[in-house]
Amino acid sequence: MITSPDQTDQQVLQANRRFYQAIEDWDEPAMASLWLDSPDVTCFHPGWDPLYGYDAILDSWNSIFNSRQPFNFRLIGIRTVISGDLAVVTLLENLIIEQDGRVAEVFLPATNIFRFHEGRWFLIHHQASAAVEKG
Numbered sequence: 000m001i002t003s004p005d006q007t008d009q010q011v012l013q014a015n016r017r018f019y020q021a022i023e024d025w026d027e028p029a030m031a032s033l034w035l036d037s038p039d040v041t042c043f044h045p046g047w048d049p050l051y052g053y054d055a056i057l058d059s060w061n062s063i064f065n066s067r068q069p070f071n072f073r074l075i076g077i078r079t080v081i082s083g084d085l086a087v088v089t090l091l092e093n094l095i096i097e098q099d100g101r102v103a104e105v106f107l108p109a110t111n112i113f114r115f116h117e118g119r120w121f122l123i124h125h126q127a128s129a130a131v132e133k134g
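At position 109 of the sequence shown (counting the first as 1) the number is 108 in numbering that gives the first Met the number 0, and the numbers step up by one without a gap.
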């Protein structure tokens, strides 16, 4: 059962935060639990071909996690729009990457779409666009 609008908004924001925490922690089981197990889910990583289906998406995250590239996110300008069993979260990912003793920052506009299914919010779409200059 979907709760009050404020509680629903908080549930969506928590699901969104768990998504980024799973990336930062290289947590394959957490990532697997966030996505709806469906052939209809989609993921568009910057510079990658579009990915369709639960298995292809999890394979992509496992590949990213296996690279052991340390990075952290600062999430900027988070907005949510909720309609029925769908929630759209838009934001700017401030991705902080550490490599060879250097730190780099990139800014990626992102959209995450969640579906309320069997009592909780599941990710059904993630898209991060090409990096943007931030001045």
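Hints were generated in silico from the structure; no laboratory data involved. Quick caveat, the model's predicted, so the values are computed rather than measured. C-beta atoms are modelled at their ideal positions from N, C-alpha and C, and glycine is treated no differently. Possibly wrong hints are sitting among the right ones.
Here are the computed distance ranges between Cβ atoms for each label pair [stated by the list, open to error]: (1) R16 x F106: 17 to 25 Å; (2) T7 x V102: 35 to 43 Å; (3) A103 x W47: 31 to 39 Å.
Each hint tested on the structure:
no.	hint	in the structure
1	R16 x F106: 17 to 25 Å	holds (19 Å)
2	T7 x V102: 35 to 43 Å	holds (37 Å)
3	A103 x W47: 31 to 39 Å	violated (19 Å)
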